[in-house]
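Undergrad: Read off the chains here:
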Amino acid sequence: GNSVTQMEGPVTLSEEAFLTINCTYTATGYPSLFWYVQYPGEGLQLLLKATKADDKGSNKGFEATYRKETTSFHLEKGSVQVSDSAVYFCALMVSGGYNKLIFGAGTRLAVHP
Amino acid sequence: GAGVSQSPSNKVTEKGKDVELRCDPISGHTALYWYRQSLGQGLEFLIYFQGNSAPDKSGLPSDRFSAERTGGSVSTLTIQRTQQEDSAVYLCASSLAQRGEETQYFGPGTRLLVL
Chain U
35 GNSVTQMEGP VTLSEEAFLT INCTYTATGY PSLFWYVQYP GEGLQLLLKA TKADDKGSNK
95 GFEATYRKET TSFHLEKGSV QVSDSAVYFC ALMVSGGYNK LIFGAGTRLA VHP
Chain F
16 GAGVSQSPSN KVTEKGKDVE LRCDPISGHT ALYWYRQSLG QGLEFLIYFQ GNSAPDKSGL
76 PSDRFSAERT GGSVSTLTIQ RTQQEDSAVY LCASSLAQRG EETQYFGPGT RLLVL
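Chains U and F, in that order, are what the protein sequence lines are. Sequence positions in the first sequence follow this note's numbering and run 35 to 147. Sequence positions in the second sequence follow this note's numbering and run 16 to 130.
Hints in this document: simulated from the structure, not taken from any laboratory. Please read all numbers here as calculations on a predicted model, not as lab measurements. Ideal placement from N, C-alpha and C gives every residue a C-beta, glycine not left out. Heads up, some of the hints might be wrong.
What the hints assert, rightly or not - Here are the simulated lysine to aspartate or glutamate pairs, EDC-like style, with alpha carbons at most 16 Å apart:
id : chain 1 : residue 1 : chain 2 : residue 2
1  : U       : K86       : F       : D78
2  : F       : K32       : F       : D78
3  : U       : K83       : F       : E117
4  : U       : K83       : U       : E97
What the hints assert, rightly or not - Estimated spans, in silico, between C-beta atoms of each pair:
id : chain 1 : residue 1 : chain 2 : residue 2 : range
5  : U       : P44       : F       : S53       : 17 to 23 Å
6  : U       : K90       : F       : E29       : 34 to 40 Å
7  : U       : G75       : F       : S81       : 36 to 42 Å
8  : U       : A144      : F       : S53       : 17 to 23 Å
9  : U       : E42       : F       : Q98       : 37 to 43 Å
10 : U       : S48       : F       : K72       : 28 to 34 Å
11 : F       : D78       : U       : S113      : 32 to 38 Å
12 : U       : K102      : F       : V27       : 44 to 50 Å
Work the whole structure out from these sequences, hints included.
TA: Written out as structure tokens, the structure reads:
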């Protein structure tokens, strides 16, 4: 079946530290991959996406590369800010499966000054 | 408005009562999805609409849950005879559902508490 596995949180970092949140997936077919972010008290927002192998999604300093050989889509940021504190969700969408999203469990990030 | 809206934002109900949750998708989005976010289960898909029809209801957890969509726009999720395990945040999302533009945009959610 289709599934997403994320590293467990919480992840606690100091401001300006390097961030990696691991995400691996299992899927039939050729999924599109997404990172969504949920800031405290707010709804889910799309952070970035990649629709095919070797694509790199990027937004707000975050990046993730679709690696088919390792079935991974790790989220990275070179220098985090306090405002990046949120819960990050990795998700996949398999075309032909009515495009429903299958989410990982989410990783809470806390950035301290 | 420009985004997906949901109402109510919060709902407290007693066990055994029925509740209705509403979703207004982004104008022009033909696809609409309901998800549930709960502590124990994370984010789960419930149901998908394309226009007014629901080709995928596979995520509805029981026959107490139903949803409809009218006019290809507003959708209502109904939970009958609510149970405490129904407590969760119910999220709605919409998308253009066109090849190359399948991104789903989420509403703020309805937080349901069943006492």
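Undergrad: So, for every hint listed, does it hold in this structure?
TA: Results of checking the hints against the structure:
{"no.": "1", "hint": "U:K86 / F:D78", "result": "violated (37 Å)"}
{"no.": "2", "hint": "F:K32 / F:D78", "result": "holds (15 Å)"}
{"no.": "3", "hint": "U:K83 / F:E117", "result": "holds (11 Å)"}
{"no.": "4", "hint": "U:K83 / U:E97", "result": "holds (9 Å)"}
{"no.": "5", "hint": "U:P44 / F:S53: 17 to 23 Å", "result": "holds (19 Å)"}
{"no.": "6", "hint": "U:K90 / F:E29: 34 to 40 Å", "result": "violated (50 Å)"}
{"no.": "7", "hint": "U:G75 / F:S81: 36 to 42 Å", "result": "violated (30 Å)"}
{"no.": "8", "hint": "U:A144 / F:S53: 17 to 23 Å", "result": "holds (22 Å)"}
{"no.": "9", "hint": "U:E42 / F:Q98: 37 to 43 Å", "result": "violated (29 Å)"}
{"no.": "10", "hint": "U:S48 / F:K72: 28 to 34 Å", "result": "violated (46 Å)"}
{"no.": "11", "hint": "F:D78 / U:S113: 32 to 38 Å", "result": "violated (50 Å)"}
{"no.": "12", "hint": "U:K102 / F:V27: 44 to 50 Å", "result": "holds (46 Å)"}
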